[in-house]
Amino acid sequence: KAGVTQTPRYLIKTRGQQVTLSCSPISGHRSVSWYQQTPGQGLQFLFEYFSETQRNKGNFPGRFSGRQFSNSRSEMNVSTLELGDSALYLCASSEGGQIEQYFGPGTRLTVT
Amino acid sequence: QKEVEQDPGPLSVPEGAIVSLNCTYSNSAFQYFMWYRQYSRKGPELLMYTYSSGNKEDGRFTAQVDKSSKYISLFIRDSQPSDSATYLCAMSAGNYGGSQGNLIFGKGTKLSVKP
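First to last, the protein sequences are chains A and H.
By the working numbering, the letter at position 22 of the first sequence is numbered 22, and the numbering carries on one by one without gaps.
By the working numbering, the letter at position 16 of the second sequence is numbered 16, and the numbering carries on one by one without gaps.
Don't take every hint at face value.
[Claimed, not checked] Below, simulated DSS-like cross-link-like pairs (lysine-lysine); rule was C-alpha separation at most 25 Å, straight line:
no.	chain 1	residue 1	chain 2	residue 2
1	H	Lys114	A	Lys1
2	H	Lys114	H	Lys42
3	H	Lys56	H	Lys67
4	H	Lys110	H	Lys42
5	A	Lys13	H	Lys42
6	H	Lys110	H	Lys70
7	H	Lys2	H	Lys114
8	A	Lys57	H	Lys2
9	H	Lys2	H	Lys110
To be clear, the hints were calculated from the coordinates, so they are not data collected in a lab.
Same shape as in the complex, but just chain H (with noise of 0.2 Å):
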């Protein structure tokens, strides 16, 4: 089992919709998760930031921890065709002196907005 599983997509919306994606993880040592967005030939953007459990809210992007569970979220609500990238969730299990840690990335959904 890998540590990270994302569903890689591809999935495909009309613009407006509310987009739910999803991770689920193994370690339970994971405690910063991380969501970022790429579009095609470019490096991940990163979105959001969550440590722990919790919500967290960006304007139309909401992230969601629940650890019990071991499944992270990211909502976009009023989708735009700008919006279409590949997402890719990344955890880590913390820093310490002053070293980020490595992430661990789930291999992306692919999201297609149609206007």
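Next up, chain A with everything else stripped away, as it sits in the complex (with noise of 0.2 Å):
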């Protein structure tokens, strides 16, 4: 099977732009979740879907937002980016019910 894949893989933006990231989950797993990743902060947790709804969220301003298309494919959309938005987001999926997650490779998103 292939793996989570996630695009675009970089990204370069300026403040205030905003930006709509993709993930691709296993074939057959309905969970996504999404995590930032930055030196200071480590893995923190975005959101999760499971079937096209949002079953949890993390502690992220509403800037923050997402949804999941009825192929379990995923969209993360940050608004008015800030500098502090530059980090590796990872997407995450999961058969559901089950707990362990793989992760994709990341966007790596700069902001400017």
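Join these two chains into a complex; the hints should help.
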């Protein structure tokens, strides 16, 4: 089976812009979670989607949003980018009801 | 106090050494404990997953969970240069209704195994 794929792998944006990141989970996996990884804070949970519904949300501002499509693919959007949003954004997928999460390679976002 | 504490290292050992990596946590609701390995500029890779207390072995890797002490460990036997990476512990209170829940991660320990 192919692993989790994320596009794009690298992105450079300017403060104030918005960005959309995409994640395709492992075939058959219905849960998708998003995490932000920074050197200072480590890996922090953003939100989780299961069958097109947001099941969990982390402690991030409303500028961070996401959605999941019927084929389980997911997107996350960050509006009004700030310098502090520069990070590696990771997507993880899991079979429904299973605790093990499998991560993609991430999208490295740089905000200038 | 952070929910999960992990010594960031760096930890440098000679090839063949036994490596011990540890995390402590404060939330007694955690039931699922995982170890991930992350190479530079890559996503985390799931190494081992343990439910509740006890030991689990997989090849050169052994995971231990002591819920009474809120302490988990990962041991790597016969360490190899290819084991050089950042090791992240992660925990969850569990899944519900098909949801995997969110994982709470330690900040990771950077390990270097010297030939």
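Verification of the supplied hints:
no.	hint	in the structure
1	H/Lys114 with A/Lys1	violated (34 Å)
2	H/Lys114 with H/Lys42	holds (21 Å)
3	H/Lys56 with H/Lys67	holds (14 Å)
4	H/Lys110 with H/Lys42	holds (14 Å)
5	A/Lys13 with H/Lys42	holds (21 Å)
6	H/Lys110 with H/Lys70	holds (22 Å)
7	H/Lys2 with H/Lys114	violated (32 Å)
8	A/Lys57 with H/Lys2	holds (18 Å)
9	H/Lys2 with H/Lys110	holds (19 Å)
Violated hints, in rising order: 1, 7; the structure is consistent with all others.
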